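Trainee: Chains as they are written, first to last, in our numbering: chain S, 861 to 1178; chain C, 861 to 1178.
Possibly wrong hints are sitting among the right ones.
Said to hold, decoys possible - List time: in silico DSS-like cross-link candidates among lysine-lysine, alpha-carbon distance up to 25 Å:
{"no.": "1", "chain 1": "C", "residue 1": "LYS1155", "chain 2": "C", "residue 2": "LYS1177"}
{"no.": "2", "chain 1": "C", "residue 1": "LYS1033", "chain 2": "S", "residue 2": "LYS1015"}
{"no.": "3", "chain 1": "S", "residue 1": "LYS1015", "chain 2": "C", "residue 2": "LYS1164"}
{"no.": "4", "chain 1": "C", "residue 1": "LYS1177", "chain 2": "C", "residue 2": "LYS1033"}
{"no.": "5", "chain 1": "S", "residue 1": "LYS1033", "chain 2": "C", "residue 2": "LYS1033"}
What the hints assert, rightly or not - Label-pair restraints from in silico Cβ distances:
{"no.": "6", "chain 1": "S", "residue 1": "MET861", "chain 2": "C", "residue 2": "ASP1102", "range": "52 to 60 Å"}
{"no.": "7", "chain 1": "S", "residue 1": "ALA880", "chain 2": "C", "residue 2": "GLU1065", "range": "56 to 64 Å"}
{"no.": "8", "chain 1": "S", "residue 1": "THR1115", "chain 2": "C", "residue 2": "PRO1062", "range": "41 to 49 Å"}
Derived by calculation from the structure, the hints in this document are not laboratory data.
Because the structure is a prediction, the values reported are computed rather than measured.
By construction, the Cβ of each residue, glycine as well, lies at the ideal position given by its N, Cα and C atoms.
There are 2 protein chains.
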Amino acid sequence: MKNILVALPVEQRHKELLEAAAPGCRFTYVPAKDVTAAQAADAEVIIGNISPALIAGAEKLRLFQLNSAGADAYLKPGILREDVLLCNATGAYSKAVAEHALAMTLALQKKLPLYRDGQRQHVWRDRGGVTSIADAVVLVVGLGDIGTHYARMAKALGARVLAVKRRPGEKPKEVDELYTMEHLDELLAQADVVFSVLPGTPATEHLYTYERFQRMKPGAVFVNCGRGSAVALEVLQRALADGLIAAAGVDVTETEPLPPDSPLWELENLLITPHVAGDYHLPETFERIVAIAAKNLALYLEGKEPTTIVDRRTGYKR
Amino acid sequence: MKNILVALPVEQRHKELLEAAAPGCRFTYVPAKDVTAAQAADAEVIIGNISPALIAGAEKLRLFQLNSAGADAYLKPGILREDVLLCNATGAYSKAVAEHALAMTLALQKKLPLYRDGQRQHVWRDRGGVTSIADAVVLVVGLGDIGTHYARMAKALGARVLAVKRRPGEKPKEVDELYTMEHLDELLAQADVVFSVLPGTPATEHLYTYERFQRMKPGAVFVNCGRGSAVALEVLQRALADGLIAAAGVDVTETEPLPPDSPLWELENLLITPHVAGDYHLPETFERIVAIAAKNLALYLEGKEPTTIVDRRTGYKR
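One chain only, chain S, in its complex shape:
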């Protein structure tokens, strides 16, 4: 009998959904932090982000379904065998993360973090000019599910939306212009808003150099809800302290949690949220994760290919 280990905070309805997808299998439900080496070693399917150390010892593992979009923790050498199917939960987070990114974008355009600071000091002080999303050229770097959702919203609010992705492809209706990554430098110079939502891979590490911030417009707003590794802490600090752009909002930082003594905390023109855009903060996110897991589980058991297989080289959905 196939052992399926579910390391997610499931309720009864989620169990019913998963078990209906895998008749005759044995299910074990355990919180991710409580999974034992024996449980991991015995499972053919693991659903949920358990410790990478346990994955390294999961000898019978054939299908590993993440509850995250990012897979970086499991892509390091020696963790996951090449023959294990690795699936992510891409799509489940798109609404939550894209809305968080849009909220950050508009807040920065309207200087709301500065007004919050003034409020805390009991100061009624005008901070001057603002910008408009309706007039903005928005550049989405990384056009997956989250980037596409964000692009759709920005366009609905009147923005002109440019996007870059790794592979050439047909332009989806959510964007006005689509490019590949080699055009990044020229596009950065045109954008009023840069929304970056790249996975953490060797190719995206430290992508945003000081020189690339110099290419951006002085009035630009930069938002990162992908992985913190895309910008070195020191580069983000210098670019903002030097005023290369108007403001930035980051839900991710190169080191997480950001250390209490980081100079980033004190930058007036940087808004930091502690990697909370996704998580299960929108209730429907978790429902979507379970639905993806159930679908992939059924496909795997039928000998078909699951829908959200991660390409180990890129960290993206294949």
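Since the structure of chain S is provided, determine the placement of chain C on it from the hints.
Mentor: The following block gives chain C in isolation, referenced to the frame of chain S:
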């Protein structure tokens, strides 16, 4: 020769636009704060919000074109003669104010002010669940130009939009349901987001009582970008301190500037901006104001009715 007094920070192109609308008239350009009693007394047309005391002495005045949407300062007894045409700049601010209100709405839904507070304390701390504009029932109270612009954006982001206005009328395409003010109480109970953008008139003063905040959903977000008089300071303070709703954002307060010792500053679930949503913070706002003034000036000189006449009883556009 007709004297036209322009108390706006005009540039050459604005002067040309205004003078083309009024051939043969004598134009005087002076900053609003520098206008003399003699200049005001001599003008048949005044463009720009000069001191109400000077308006009271403007004996030759026939057309008074405001650069604001609100007219409350001039509607008090003894300021403006009944026979003077009073026009506002409704429409000029709709984009700026509606976008500011949307930025506040999303920031509150995603708890960005709380994360800003955490940032100032160098604390990487998750603040839990958030809500989504796409799932929200949004109630717009006051469906003028600003309310309609906000409604259009909220709907484009997926919200279901209800609106109330004074007078019954045909439902515009920007909203899903339209009601008159007597339905306010039942609608407040349905809304996840309440956006209020009412002018300051006797009818709207203290409209939002403590009891009305009690009718709202505990998870609701309330945003006021109309006039502060719609909510008594003490009611806003108690409603938020008592947690009747999740959070509020106000660009206007009953007393402005808000005094440094007001308890409102310290409320974690209140975001305060110092009456900056409009102003000239979006450059195109001023362009729109001059365009409205030029159009109304031409209509007046042709003996026709200007487009944005204020109804003295309601404070709204007629």
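Trainee: Are the hints correct? Go through all of them and say.
Mentor: Here is how each hint holds up against the structure:
Restraint check for C:LYS1155 and C:LYS1177: the C-alpha separation of about 16 Å stays at or below 25 Å, so the hint holds. This hinted pair checks out: C:LYS1033 and S:LYS1015 have alpha carbons roughly 19 Å apart, not beyond 25 Å. With a CA separation close to 40 Å, the supplied pair S:LYS1015 and C:LYS1164 exceeds the 25 Å bound. Between C:LYS1177 and C:LYS1033 the alpha-carbon distance is near 21 Å, which keeps this suggested pair within the 25 Å criterion.
The straight-line distance between the Cα atoms of S:LYS1033 and C:LYS1033 is roughly 23 Å, inside the 25 Å bound, and the hint therefore holds. At about 56 Å, the CB distance of S:MET861 to C:ASP1102 agrees with the hint of 52 to 60 Å. Remark: the range hint 56 to 64 Å for S:ALA880 to C:GLU1065 is upheld by a beta-carbon distance near 59 Å. At about 57 Å, the CB distance of S:THR1115 to C:PRO1062 disagrees with the hint of 41 to 49 Å.
When the structure is compared with the earlier hints, violations turn up for hints 3 and 8 and for no others.
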